[in-house]
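Peer 1: Here the protein sequences line up with chains U and A, keeping their order. Offset between the first sequence (1-based) and my numbering: plus 6. Offset between the second sequence (1-based) and my numbering: plus 6.
Bear in mind the hints are in silico, worked out from the structure with no lab data behind them. Nothing false has been slipped in among the hints.
Since the list can't tell identical chains apart, any single copy or any two copies may satisfy a pair.
Straight-line Cα separation of at most 25 Å, SDA-like style, residue types lysine to any residue; simulated pairs:
no. : residue 1 : residue 2
1   : K88       : L48
2   : K10       : E301
3   : K255      : S173
4   : K88       : G78
5   : K88       : L46
6   : K88       : G73
7   : K88       : W130
8   : K88       : A128
9   : K88       : N69
10  : K88       : E47
11  : K10       : A29
12  : K10       : A320
13  : K10       : E232
14  : K247      : L273
15  : K169      : G91
16  : K88       : W74
17  : K10       : S25
18  : K88       : R77
19  : K88       : T63
20  : K169      : K247
2 protein chains.
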Amino acid sequence: MNAKITVISGGVGAARMLSGLMAVVEQAELTAIVNVGDDLELHGLRICPDLDTITYTLAGEINPETGWGLRGESWQAMESVKRYGGISWFGLGDRDLGTHLYRTQRSSEGATLSEITAEITAAWGLGLRLLPVTEDRLRTMVTLADGSEEAGEEISFQEYFVKHRHSVAVSSVRFEGAPSAIAGPGVLEAIETAERVVIAPSNPIVSIDPVLAVGGVREAIEARREDVVAVSPIVAGSALKGPADRLLKELGHEPSVVGVAKIYAPLASVLVIDEADQDRVDEIEAEGIRAVVTETIMSTPEIAAALARTVLDA
Amino acid sequence: MNAKITVISGGVGAARMLSGLMAVVEQAELTAIVNVGDDLELHGLRICPDLDTITYTLAGEINPETGWGLRGESWQAMESVKRYGGISWFGLGDRDLGTHLYRTQRSSEGATLSEITAEITAAWGLGLRLLPVTEDRLRTMVTLADGSEEAGEEISFQEYFVKHRHSVAVSSVRFEGAPSAIAGPGVLEAIETAERVVIAPSNPIVSIDPVLAVGGVREAIEARREDVVAVSPIVAGSALKGPADRLLKELGHEPSVVGVAKIYAPLASVLVIDEADQDRVDEIEAEGIRAVVTETIMSTPEIAAALARTVLDA
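Okay, chain U solo, but in the shape it has when bound (with noise of 0.2 Å):
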């Protein structure tokens, strides 16, 4: 199939995406745009996790053992810095490095993100595009919910998904940057241009938000709305993965597919849910959203292509 597509990404949900719409689509073809908010500076390093989860999967490298970081990992610097007592509850790999070595240091020589990751995708062989949001600093803090030891201080998103395991309330989220980020080199253009438009089934606070944060973007989205296909990340009132249904439920939201239809029809025309959840389509359909019912757990390539079929058919 030949038809411009640009996906919406956070990480994990996103690049089991991509990974359906590669097998249907000419890679040529297809953008995503990708969430920078979890990114981190660590050990002096420029980190950024949905960045290389999507590299890594696409190219058939991630860990299948941690679903992060790269396949025949070892641990060595991990090792040594935990020797000296320093940081270590982000766990960097000794392959997984080697990108963050080499991200930070063309960021050093002044190259952007959007370039550093064109040569890290083409250094993997993958021929689609991958568009940081922003070229800006985009920063997903988090505030902790009352129950928490740490109630009301606000950390960073890293810190909560990895450090504190996602197993905190939340009780805000404050993308730190967004008012003044702006779209990086070709985000809306991707957006405006796109024969479908998909957002991912990626978690929508945290991952999809920051992305609609970013100066231009949300707009750009909902002037595409027609075109707009989003796929839910909940399936049955659950979160495949991630925290995503319990950060709906602390942040207001119904945890559901409904939930996730309120959240999105201003953004997008059709809402894609799991058989799981084909009870809840008038409900859905009531917030303006058309419902399609397919099969939404990628657990196999032949599932993630099928269900990428379906979104572009939508």
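Given the coordinates of chain U, work out where chain A should sit on it, guided by the hints.
Peer 2: Only chain A this time, still in chain U's reference frame:
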């Protein structure tokens, strides 16, 4: 033996001298003032080769195959950097990387290099003090002589030493930052209060001279001349390791113990030379510096300890 000893130090030669001294002096009495002119920033990391070579050697963890870096090293991060076409001429093993990650992280948190170095040496169980000669930026810069393809170009010490494997002729050496660099915490005091100051058998041009170039250090050593003993890094006209002999010649010095005597006569009252050079004692002493002849090639711990005893008794 219980006596405060301060050693003016480069990398490999100083590390061996310090090993010998550790065998005969309490570690708590021993201070090394260490060159930082070889330091570099690469991949966003702060790398201090002389500090690390000393630390790893004294911890018994220096990589015996390379003479730098750590034992039991793996190279996964560098392989990954190479995949991206990144900078790979400066080898960084995975275990070694942990040291640079820790140093860079602590530096970003506001810790000084002296503080970080104390943390690193403590983590390796070392009881001596390693003092970076300055907290200020100091960079040994080398101008290439006629005959090389890049004649007239000024490059960093590590580009000269590692990238070009010191196989190119040099016309001048400059210590960038030296005019405004001030001695780091404890440095001048360590020279002023030592019972003996030792100039290690390091490269006089690119390891010892940058230390002397830091504000107040040369004067402090000159003021202690009667208690300063230098150990010649040149034996029978050659450097044991590295380009000291060629650099001496290229920069107008005699590549011999007599050339070394001329350089160190204003700073030291004794020059320890190898038995191979005992026929040059008169020429050395004509420079106004006393010669002490002993075995100086520290090929075993016993020889290093015996040399240390000679240096302390001189």
